[in-house]
Amino acid sequence: SQKIEQNSEALNIQEGKTATLTCNYTNYSPAYLQWYRQDPGRGPVFLLLIRENEKEKRKERLKVTFDTTLKQSLFHITASQPADSATYLCALDKQAGTALIFGKGTTLSVSS
Amino acid sequence: EPEVTQTPSHQVTQMGQEVILRCVPISNHLYFYWYRQILGQKVEFLVSFYNNEISEKSEIFDDQFSVERPDGSNFTLKIRSTKLEDSAMYFCASRQGATTNEKLFFGSGTQLSVL
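Respectively, the protein sequence lines represent chains A and B.
Position 86 of the first sequence, counted from 1, bears residue number 71 in the working numbering, the numbering being contiguous throughout.
Position 4 of the second sequence, counted from 1, bears residue number 11 in the working numbering, the numbering being contiguous throughout.
Chain A on its own, in the form it takes in the complex (with noise of 0.2 Å):
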């Protein structure tokens, strides 16, 4: 069945710096890869959904970028901000046509 690894569980960086956080699944490839923003005690609120047949997809600083041949997404936060702080969860169908399962996520601390 399908696996999803975040790299990094905590990721620190400075204001105004890009953050990036990786995404990589196992097995089946997905047509469909979603990133959720979760913070404490809520529940995860969507972001963005990048097809398999896209490179790369952009919502205001946030980008993704989706590899089928690496089965791996990266996300990107440009000029990061505190109010960016929260865990990012990559979501995946576990076979097509399937309910969405979660990676555990990144929890992203921006410093000002």
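Wrong hints could be hidden among the right ones.
27 Å max Cα-Cα, derived DSSO-like pairs, lysine-lysine [as the list claims (entries may be wrong)]:
1. Lys56/A to Lys64/B
2. Lys49/B to Lys89/A
3. Lys90/B to Lys49/B
4. Lys110/B to Lys(-12)/A
5. Lys48/A to Lys(-12)/A
6. Lys56/A to Lys44/A
7. Lys89/A to Lys90/B
8. Lys2/A to Lys40/A
9. Lys2/A to Lys64/B
10. Lys48/A to Lys89/A
11. Lys64/B to Lys89/A
12. Lys48/A to Lys2/A
13. Lys56/A to Lys110/B
14. Lys90/B to Lys56/A
15. Lys89/A to Lys40/A
16. Lys89/A to Lys85/B
17. Lys(-12)/A to Lys42/A
18. Lys110/B to Lys89/A
19. Lys110/B to Lys90/B
20. Lys89/A to Lys2/A
Calculated Cβ distances over 12 Å to all of chain B for the following chain A residues [unchecked claim]:
21. Gln(-1)
22. Asn12
23. Thr50
24. Lys56
25. Gln57
Restraint ranges, calculated between C-beta atoms of paired labels, are given here [what the hints assert, rightly or not]:
26. Gln(-1)/A to Asp70/B: 46 to 54 Å
27. Arg46/A to Ser34/B: 45 to 53 Å
28. Arg87/B to Ser97/A: 44 to 52 Å
29. Glu60/B to Ala68/A: 35 to 43 Å
30. Arg46/A to Asn58/B: 37 to 45 Å
31. Arg43/A to Glu60/B: 37 to 45 Å
32. Leu55/A to Asn58/B: 34 to 42 Å
33. Pro25/A to Ser34/B: 22 to 30 Å
34. Gly47/B to Val30/A: 15 to 23 Å
35. Pro25/A to Pro77/B: 27 to 35 Å
Since the hints were derived computationally from the structure, they do not count as laboratory data.
If you're wondering where the values come from, they're calculated on a predicted model, not measured in any experiment.
In this text, a Cβ means the ideal position worked out from N, Cα and C, and glycines have one as well.
Since chain A is already given, all that's left is putting chain B on it; use the hints.
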């Protein structure tokens, strides 16, 4: 933006008791889900529900768990005889369509504590 609503926000129960967690999905959504998150761990899929029946469930969703859509708006998760290890945050989620290219909308969760 429309919201998924969950009640209660916190539930404390004794081991062996039954609990019912309640959710009101977004009104025009057709697919409903329960996830749980044990403190410090990942968000885990429990069950998906469509057209008044379970469409998929995980190995966590054993006979102690059941789901129901008792009316046109509520979606419930029942744990028949709670165990200590059921202590977790339970999230309800919904989406309009079935395909995984659609985003999930999550509620704020119910923190269940089993004593």
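Going down the list of hints, with the structure as the test:
Distance restraint check for Lys56/A and Lys64/B: the Cα-Cα separation of roughly 26 Å lies within the 27 Å cut-off, and the hinted pair is therefore satisfied. Only pairs whose Cα atoms come within 27 Å are accepted, and Lys49/B paired with Lys89/A is accepted, the gap being roughly 4 Å. Pair hint Lys90/B plus Lys49/B holds up; C-alpha atoms about 19 Å apart against a cutoff of 27 Å. A threshold of 27 Å between alpha carbons decides the hint, and for Lys110/B with Lys(-12)/A the separation of about 20 Å falls inside it, so the pair holds.
The hinted pair formed by Lys48/A and Lys(-12)/A meets the criterion: a straight-line CA distance of about 23 Å does not exceed 27 Å. Taking the CA atoms of Lys56/A and Lys44/A, the gap is near 22 Å; set against the 27 Å cutoff, the hint holds. About 24 Å separates the Cα atoms of Lys89/A and Lys90/B, which keeps this hinted pair within 27 Å; it holds. Restraint check for Lys2/A and Lys40/A: the C-alpha separation of about 23 Å stays at or below 27 Å, so the hint holds.
Simply put, Lys2/A and Lys64/B have alpha-carbon atoms about 41 Å apart, too far for the 27 Å limit, and the pair is violated. Distance restraint check for Lys48/A and Lys89/A: the Cα-Cα separation of roughly 20 Å lies within the 27 Å cut-off, and the hinted pair is therefore satisfied. Distance hint between Lys64/B and Lys89/A is fulfilled; the C-alpha atoms sit about 20 Å from each other, no more than 27 Å. For the hint pairing Lys48/A with Lys2/A, the CA-to-CA distance comes to about 14 Å; that is within 27 Å, so the pair holds.
Restraint check for Lys56/A and Lys110/B: satisfied, since their Cα atoms lie roughly 21 Å apart, inside the 27 Å limit. Between Lys90/B and Lys56/A, the direct Cα distance comes to roughly 38 Å. Violation of the 27 Å bound is thereby established for this hinted pair. For a cut-off of 27 Å, the pair hint linking Lys89/A to Lys40/A stands: about 24 Å separates their Cα positions. A C-alpha spacing of about 25 Å is found between Lys89/A and Lys85/B, which places the hinted pair at or below 27 Å, so the restraint holds.
Simply put, Lys(-12)/A and Lys42/A have alpha-carbon atoms about 23 Å apart, close enough for the 27 Å limit, and the pair holds. For the hint linking Lys110/B to Lys89/A, the alpha-carbon distance of about 18 Å falls within 27 Å, and the restraint holds. Our distance criterion of 27 Å between C-alpha atoms is broken by Lys110/B and Lys90/B, whose separation comes to about 32 Å. The suggested pairing of Lys89/A with Lys2/A holds, with an alpha-carbon distance near 24 Å, which does not exceed 27 Å.
Every C-beta of chain B lies more than 12 Å from that of Gln(-1)/A, the closest at about 26 Å, which supports listing it as non-interface. With a cut of 12 Å on Cβ distances, Asn12/A stays outside the contact zone with chain B, its closest approach being about 15 Å. Taking the minimum C-beta to C-beta distance to chain B, about 17 Å, the non-interface status of Thr50/A holds against the 12 Å cut. Annotated as non-interface, Lys56/A keeps its C-beta farther than 12 Å from every C-beta of chain B; the closest such distance is 16 Å.
Consistency note on Gln57/A: stated as away from chain B, and its beta-carbon is indeed over 12 Å from all of that chain's, at 18 Å minimum. Distance hint check for Gln(-1)/A and Asp70/B: the Cβ-Cβ separation is about 51 Å, which falls inside the suggested range of 46 to 54 Å. For Arg46/A and Ser34/B, the Cβ-Cβ distance of about 32 Å falls outside the hinted range of 45 to 53 Å, so the restraint is violated. One distance hint, 44 to 52 Å for the beta-carbon pair Arg87/B and Ser97/A, holds here, with the actual separation near 49 Å.
One distance hint, 35 to 43 Å for the beta-carbon pair Glu60/B and Ala68/A, holds here, with the actual separation near 42 Å. The hinted range of 37 to 45 Å is satisfied by Arg46/A and Asn58/B, whose Cβ atoms lie roughly 40 Å apart. Between Arg43/A and Glu60/B the CB atoms are about 39 Å apart, so this pair conforms to the stated range of 37 to 45 Å. Between Leu55/A and Asn58/B the CB atoms are about 38 Å apart, so this pair conforms to the stated range of 34 to 42 Å.
As the Cβ distance of Pro25/A to Ser34/B is approximately 28 Å, the hint placing it in 22 to 30 Å holds. Take Gly47/B and Val30/A: their Cβ atoms lie about 20 Å apart, and the range 15 to 23 Å holds. The hinted window of 27 to 35 Å between Pro25/A and Pro77/B holds, with their beta carbons roughly 32 Å apart.
This entry does not satisfy hints 9, 14, 19, 27, going by the numbered hints stated previously.
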